[in-house]
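Q: I would like the entire structure built from these sequences, with the hints used as guidance.
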Amino acid sequence: MPKDGIGASTKRREDIRFLTGKGRYTDDINLRGQAYVHFLRSDVAHATLNGIDTSAAKDMPGVLRIFTARDFDGVGGIPCGWLITDRHGQPMQEPKHPIMAEGKIRHVGEIVAAVVAETLDQARDAAEAIVLDYDELPAVIDMKAAVQADAPKVHEELTSNLCYDWGFVEENKAAVDAAFDVAAHVTTLELVNNRLVANPMEPRVAIGDYAAHDDSSTLYTTSQNPHVIRLLMGAFVLGIPEHKLRVIAPDVGGGFGTKIFHYAEEAFCTFAAKQLKLPVKWTSTRSEAFMSDAHGRDHVTKIQLALDADNNFTALRTDTYANMGAYLSTFAPSVPTWLHGTLMAGNYRTPLIYVNVKAVFTNTVPVDAYRGAGRPEATFQLERVVDMAARELGVDPAELRRQNFIRKDQFPYATPVAVEYDTGDYEATLDKGLELSDYAGFATRLAESKANGKLRGIGLAHYIEACGIAPSNLVGQLGARAGLYESATVRVNATGGIVVMTGSHSHGQGHETSFPQVIAQMIGIEPDQVEIVHGDTANTPMGMGTYGSRSIAVGGSAMVRATEKIIAKAKKIAAHILEASDADIELKDGKFSVAGTDKSLNWGDVTLAAYVPHNYPLKDLEPGLEETAFYDPSNFTYPSGCYICEVEIDPDTGKVTIERFTAADDFGNIINPMIVEGQVQGGVAQGIGQALLENCSYDSDGQLLSASYMDYAMPRASDVPMITVDHSCQTPCTHNPLGVKGCGEAGAIGSPPAVINAVLDAMHRAGKPVAHIDMPVTPAKVWAAMNH
Amino acid sequence: MYNFDFVKPSTVEEAVAALQDDEAQPLSGGQTLIPSMKQRLNAPGTLVSLLGIEALKGISSADGVLTIGGVTNHATVAAEAGAYPALAALAAQIGDPAVRNRGTIGGSLANNDPAACYPAAALASGATIVTNSREIAVDDFFQGMFTTDLEEGEIITSVKFPIPEVASYQKFEQPASRFALTGVFVTKYADGVRVAITGASEEGVFRWAEAEEALTANFSADALAALAVPSNAMITDLHGTAEYRAHLCKVMTGRAVAAAH
Ligand SMILES: Cc1cc2nc3c(=O)[nH]c(=O)nc-3n(C[C@H](O)[C@H](O)[C@H](O)COP(=O)(O)OP(=O)(O)OC[C@H]3O[C@@H](n4cnc5c(N)ncnc54)[C@H](O)[C@@H]3O)c2cc1C
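Protein chains in written order, with this note's numbering: chain A, 1 to 788; chain B, 789 to 1049.
Errors might be hidden in some of the hints.
Claimed, not checked - Distance condition first, Cα-Cα at most 30 Å in a straight line; then the derived DSSO-like pairs of lysine-lysine: (1) Lys588/A / Lys619/A; (2) Lys655/A / Lys976/B; (3) Lys22/A / Lys826/B; (4) Lys826/B / Lys58/A; (5) Lys826/B / Lys454/A.
What the hints assert, rightly or not - Stretch-level coverage of chain B by chain A, calculated; a stretch enters the list once three of its residues show a Cβ under 8 Å from a Cβ in chain A: (6) 953-964; (7) 1032-1038.
What the hints assert, rightly or not - Computed from the model, here is a short list of chain B residues facing chain A with C-beta under 10 Å: (8) Arg828; (9) Leu969; (10) Leu1026; (11) His1027; (12) Gly1042.
Keep in mind that the hints were calculated from the coordinates and are not lab data. Glycine included, each C-beta is placed from N, C-alpha and C at the ideal position.
A: So this is what it looks like as structure tokens:
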């Protein structure tokens, strides 16, 4: 067996280059003769744009060309990747998303003009000389106000600011309402899921390049999915066929969803490079990132839970307003619908569920998927309402959950919201969480906190997520305009080393370490014989990229399938050389042997024979050892877990500190436990950020108030406690070859409700009961809640 | 950033001469000025770096007064102002190591950011701001947010802090910037107690007279029980209401009294 196969906590090989400054990020790439673009962005939220006077600017030093919307006649808008059909069977309203403002400005940060110059400073100087003629319009910011009949319209050509009014499952609505009518108890909760800015450490960068000799374009970009960008930009925006367009996403310094989407800046740089016959580079400043990266979350929800006299959940209904921002970003419509509504059963047997979502256009930056995407929003409201019900009924929140869990023997379990969970054991993670968090010992710690003048509370949350996105035929029925398979080419070289070209992209997930562990295990060689190549459409097969915790479940499965083909072929070669039948060949520890004999061949002997086919079954078998597989999953995967948080509150200042945090997850089988632990820690840190600190805030004129780190609070190491991470509860996925479920988003999904439940518990125990408090629970907010 | 000229004189006289130019501006650690230039919010024609003037750096203590050169950075104060421990502790809590190794006391006081830390220390210590041309009593120096008594081209050469019997700075951090959402510096001298509060008021750093009087009579947090800072002049922003800040003024004052040593 390889010593670093499946299950080994191998250190991440990529970290050596990241930690020693040898990573190669997009901004590290500089092409000969490149020009720089500076985007003139709107500083008003809503205006009619009458004219753009570039006459002074265009003659300024170094200016090569100034582009405005007029230059994009004949170029498509930025496409949206998902069509939602509303409650009445109508398609969502889908306004054009132009590369630059066309006659109207719709959010602060929208591109109005682009100056390409020899240096960045020259481009900025010239941008300041551009004169805009516009008339400001009243801004539409609040979602509920935006759907009133008299609200100003973000898009004149639409009937209203309502993108869609989605009901799920519409046929269940009457039955759900009827169940509420006869419920013994109904818990009602209104809450906000706060708007976030992802803030990956590396801001977005795009470099467009054009090669006249073969009329081809190359885009270097900070993307989680270069093939998707090539498809969307080539086919829908610029009209460049895929064989003339290459997209390269080299090292990417964090994405968290916000680098999934196709952005105007990418299309611009590719387009301008071809026009000017020069490479054109753009590097986002942090200020630009705040007003141009897609934001996350931003839901306003009313949720109701109905229970019978024995505290069984009988029905659930929700009413959500979901902010789309000014335009539809790539996956935006799917987030509050299929990635949210389908998760509303959570870990529970609730038989009847109805979810209503109104997606709304506002004069704000587009909102799209952010770590968890829809699932954190679902989990937050569900785990909050269950906790609230427990409090109202005077029962232990852990036991109310346990009583309503889908039981271990009920899998596969079809929920009333269209998904079928393949496996799970929610009591096991609950028990593990209670044990590791020393739930039973809370009273002692509470007494200690009290003695120090502090409040203390404990909160738990369970989550379920749908990962491993996604079965293409299913998502196609749901409105996806793309397939969601993944691909891998496994290339075995003559001397036995392996290169895997994967459509998955690694931007912090550690693929370069964990993927080789799988191949090493399958073949019985060491992982350092395997290299992972990703991020370049020219040398990887068409793949859909990395998001939705899909890399190992879908990309890893494709790699397994391709490796199985390799092994099958290698066995045939071995059988020929060993003069045995294929069926008798065994592969173990990198050796092919004939069952029951001492005849064997090393891995390298067979790979060499594949490329030096002297003694080779050429009549039946092609030379070479390279296989590709595309894997389309038959279902989502359903990781789940129990998160328990313990907080202290300083009653004088309202400051919340997280004292203990326990994550007991079920991720199915695990390839590299250390990487999984890191993913959970990072996710929990982001969840704590959402719960305690982060808030993207607009004023009523549409000005972004939290437009820099002076006002947008990111979590820092001192905000995050040591996290106890356990993944010993494992119910392997039943439908993918590795039995894996995915772990990338769990931390960000499960932690916010655990934190808020703990904060409210602390207040309750201190005799300052507050029914609900919205995130982020800043000191000011906690203090106000306790003192009013 | 716009283009600018850069000079780095080695004496105060040369610096003052260079600052005669209307478009010239002094540069110390650049932790405030450079970011604002990068954002094109500030466009000096000439930057006159004070970092080359060795005479403006360093800390000395004599006759109960701690003197800090105007171009001394926060890290140096944190490490070397042991004669005034509360001041050293304040410097150690400013920003991060990069900021502390660049940012200077003169830059901080001249800038008078309403959420900055040093203004509270200077005001609570009854410090004297020494410039190239005069000495300014701290009670006359701060004149509201981002405004001071400094003339155009005048530079802070040193700051003299009378060393109190006991003192403490208690900073409640704004969650995003980690500047003071409300910070209180309390000092106790033979002739009375001074309380200076930063981060809270629309008018910038201020003294809380009622608390000074009560604490001079009885240096104990209990002495504050009946007092309250009125909230009408307090800042309301994303991070806290005026009412919350007024409340924090009292909480942090009490903590500073309790922690004073
Ligand atoms: C990330 C970060 C975090 C920070 N956190 C804090 C914090 O927690 N608390 C806090 O108090 N501060 C904080 N600061 C501000 C920091 O302390 C700055 O150093 C300080 O505000 C300015 O000092 P400087 O030497 O950098 O001044 P500069 O940026 O060089 O100059 C600031 C202004 O003062 C003028 N000036 C500079 N020196 C003199 C002088 N000797 N005489 C007259 N005028 C002068 C300049 O012309 C300019 O107008 C932070 C800054 C950053 C970047």
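Q: Determine which of the earlier numbered hints do not hold for this structure and return their numbers in increasing order.
A: Hint 5 contradicted; others consistent.
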